[in-house]
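Residue numbering for the sequence shown is 6 to 298, as defined by our numbering.
Among the hints, a few may not be true.
Unchecked claim - When the alpha-carbon atoms are kept at most 20 Å apart in a straight line, the in silico SDA-like pairs for lysine to any residue are as follows:
#1 K287 - Q257
#2 K27 - K178
#3 K178 - D188
#4 K199 - K27
#5 K198 - L133
#6 K27 - D188
#7 K199 - E135
#8 K199 - M128
#9 K27 - R254
#10 K198 - G134
#11 K198 - T78
#12 K130 - E71
#13 K287 - N259
#14 K178 - D82
#15 K199 - M282
#16 K274 - R254
#17 K198 - G136
#18 K27 - A207
#19 K199 - P139
#20 K199 - G74
#21 K274 - L67
#22 K274 - M88
#23 K199 - G134
#24 K287 - A297
#25 K130 - R29
#26 K198 - I24
#27 K274 - I24
#28 K27 - K274
#29 K178 - T78
Unchecked claim - Pair ranges (Cβ atoms, derived):
#30 T177 - E71: 49 to 55 Å
#31 A231 - D291: 45 to 51 Å
#32 G221 - A85: 57 to 63 Å
#33 M88 - Y205: 23 to 29 Å
#34 L67 - M238: 53 to 59 Å
#35 I49 - R145: 27 to 33 Å
#36 A206 - I241: 50 to 56 Å
#37 E71 - A206: 19 to 25 Å
#38 T28 - I49: 36 to 42 Å
#39 V230 - L286: 51 to 57 Å
#40 I24 - H285: 25 to 31 Å
Bear in mind the hints are in silico, worked out from the structure with no lab data behind them. Keep in mind that this is a model prediction, so the values were computed, not measured. Just so you know, even glycine gets a beta-carbon here, dropped at the ideal spot from N, CA and C.
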Amino acid sequence: QLNQTPAAIDSRQPLLKRISIKTRLTAIMIFMAAILAGGAAVGIGGIALSNDALDHTYRSALEPIEIIGRITTLMADNRAQVMLAIQHSPANPFSRLHDHPVAMHTDAVDRNRDEITALVADMDKRNLGEGLQPLLERYRQTRGAYVADGLAPARQAILDGQFDRASEILLTKTNPTYAAAADAAREVQEALKKAARENYAAAQERYRLIRNVAVGGTLAALLMVAMAGFFLMRSIVVPLNRVLGHFDRISQGNLTDAIDISGRDETGKVLTELAAMQVHLKVMLDEIQAAAR
């Protein structure tokens, strides 16, 4: 065996015996680091996807619901301001109890109108999907009818001092158009809630998929690491036990033990040196025995 060339030995030995223990340990550490990095990447990616889904749900559904709710509240306040302004009619015996001018109510209507205009402009910038467009169009029409046919004429009649005319408009135009606009607003809100629930369900499904992939990948990685560790330990412990066995037999005087020197790793080098030492000891012992004879 000692006379064989390294090339001839390398061509017959298993691949694992040609790799040093240091290289194997380094490879295992790199493999574990790659698994940890991959798991971290999957986790961070899952968190990012969940965050994006929540952000999309909030911006595409919850924010518009809040905006529509605020518009409906302002519209109701405008109607209430018209009713309060009508109480300033000189024909009302309780009008003297009002310690503020009627402009307080009409100015409140103007402020609400400006805020509604800004909210509507914000809504128009959002892409709420083609499915909601018919409902949004109906909401625009009913809200526009409320302003054009009910609120604006009633406000103008109050400014002109025509309180009876304002009361008539309130009852015949403002209240019905407000009810129609409120119904349209509820329809849009319900559609947005449904879309939000669907987005939430889709986000949950993605989360479950990512969770299952992460758990499955972690278990598979642990299994592969365990297998790699087992084969690594086996490739170290078995040769070391073989080395110890050779030492034990040499110490007992057995110098003819067959020692496998095919390995090129650290234990293979130890076995090679041990085989050489055994040969030298055998030669020395033969010479001593020959001299004694």
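Open item on the list: Hint compliance check: list the failing hint numbers for this structure, sorted ascending.
Closed with: Per hint list: 2, 4, 6, 9, 15, 18, 21, 22, 25, 26, 30, 33, 35, 38 and 39 violated.
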